[in-house]
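Numbering (the numbering used here), first residue to last: 19 to 662.
Heads up, some of the hints might be wrong.
[To be verified] Label pairs and their computed distance ranges (CB to CB):
no., residue 1, residue 2, range
1, Asn358, Pro287, 28 to 34 Å
2, Pro287, Gln572, 16 to 22 Å
3, Glu266, Thr51, 33 to 39 Å
4, Lys103, Gly412, 22 to 28 Å
5, Ser635, Arg80, 38 to 44 Å
6, Asn284, Asn318, 29 to 35 Å
7, Pro286, Phe188, 50 to 56 Å
Worth flagging that the hints you see were computed from the coordinates, not collected in a lab.
Glycine residues also receive a C-beta, built at the ideal position from the N, C-alpha and C atoms.
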Amino acid sequence: MKTTLLLFGFLGLFIGAHAAKVISGIVYDETKTPLPGVSIVEKGTTNGTTTNMDGEFTLSVRSENAIVSFMFIGCQTQEIAVKGKDKLEVVLKADMVSMDEVAVVGFGKQSKKDITGALSGRVAGVSVNESRESGQAIRIRGYSSVSKSKTAYCLPPQPYPVSTEDYASFNENKFLDPKAEPLSTFSVDVDRASYSNVRRFINQGSLPPVDAVRIEEMINYFNYNYAGPKDNHPFAIHQEVAACPWNEQHYLMKVALQGKRMEKENLPPSNLVFLLDVSGSMRAANKLPLLKSALKMLVNELRDEDKVSIVVYAGAAGVVLEPTSGNEKRKIIEALDKLNAGGSTAGGAGLKLAYKMAHKNLLEESNNRIILTTDGDFNVGVSSNSEMEKLIEGERDNGIFITVAGFGMGNYKDSKMEIIADKGNGNYFYIDNIQEARKALVEEFGGTLYTIAKDVKFQLEFNPMHVAGYRLIGYENRLLNKEDFNDDKKDAGEIGAGHTVTALYEIIPLGAEDIKDYVPGVDALKYQASKKKEIQGNNTYSDELLTLKLRYKQPDAPKSTLLVETVKNKVLSYQKSSSDFKFTASVAAWGMKLRNSDYIENVNYDDIIKWAKASRSEDKEGYRAEMIRLMESAQVLADAVSLR
């Protein structure tokens, strides 16, 4: 009996699936601006939801007499009895009392003098504490009149002390000289976790830590109007070169892939294992309760031929659902509803048991995949990155891939989850609200669960007749050695059905006046033959800016396929470039701004927001409009801590 309690102490009581009534509405701040990300919970239960980007919500409550709480950090919590009400219009007021002492975290390199000077006279009192990893933590006594006057909604602070969230550090890509380094080689990346995580930080009132900002994931979060493949390849290649908006002397080149789109009914059967973290760290409303709501959405997308198993881990790991057909949705949802959080985090044991379940129902030439949902805090069992990599890489070769969905805050371990998805031939996304769950698990069902190409990698060769310097924007943790491109044993990224991948290069053309500012060069070499005459005398490729090569494997193939294209030296004006080109440029510029990039120092937020607004184009889901609102909020935060 004790063993059973130890293994399954994290299982709760079954909660009835039938709701008493459905309420909906919208949540505003005092300026009548909709509030995104407000937590809404039926009092006395874990039943809840969050507002979408327009402040709207829908919640099924379990009692006609329910009381519903509306909570947003930096605002006063409001409780409303829903009896006799179906539609609610809620206005949250700024919590002046709770903000007697708050923290605003600055992730730049400002001195204490810079920060206190920027806030002097605007708040009642300021003291600066050094943070070990993330710059300075600024403790403010009193309410910040700067934030109140310049933002359109409650601007919640970053909690103090600095959290234990963990992000892999990396340095921004530099400009390279094509005469010395003509090849740029990198793996594709379809992860989107960075963007929604950045959104979470900003919606909670702080700028993200620099290493949480991965520009390629921010760009790839959005859908673009790229044509799909018209041949037997699983994706189409697109390219565009135009003037760079943040440096008129430079070019910006976009290279993109559009994965083959597939209707859900045409996807192969799936053998899915939900590997769920139900440890004590998952108790928060934006962790296990949100996780269960997200997976219920996915369950509703399953077909009869799909099967699901559920493995959970806390102090130990256990199976709570044997392989179950997608036509038994109620059974799967009931298993999810029974889960409660508690205990430590036996992540390694959970991984091993999940793989065991995947093998138990292995489908040949189909989709065998583990979906790991966690805050990433693996602290018992297989905890080192190297141990996890060996386990995951071995099972990857057996045809079992792994997708990772991150939840929560405070102890979030981004670096560990990124490694798991990367080594497991899967993708990684971060779910900060129920709308993001719908995007990742419903709207992008095929891309999330079904791989159409693996080990996809680019290699670009730049022509020194036209290019004096180049740099890849983002993809810092996806760079490969030049010899890795032809090595089929070298792992690279995967693309799912319907996925898009976009990469941007900033190019300095030959003759640019600022070349020495970015590519200083070296003294003439004494023992090496000069390449200058050879380059100038070779006119065979004089109209080519670069050659683009791409390798990929079919999901079950050991050998790669090579594609080669040339990019002509024809550069559009920025005004004549496509809307997608302009929008990706605005996302990249914002990412560089958040990372305090050396390459965008002379560009302000107003310029970046203007570029984004002008290129918003077709935006049915509202994701681009949401990003513009986030940019405007980030501008307020940057002003408040003098980051510009």
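Index of numbered hints that the structure contradicts, given in increasing order: 4, 6 and 7
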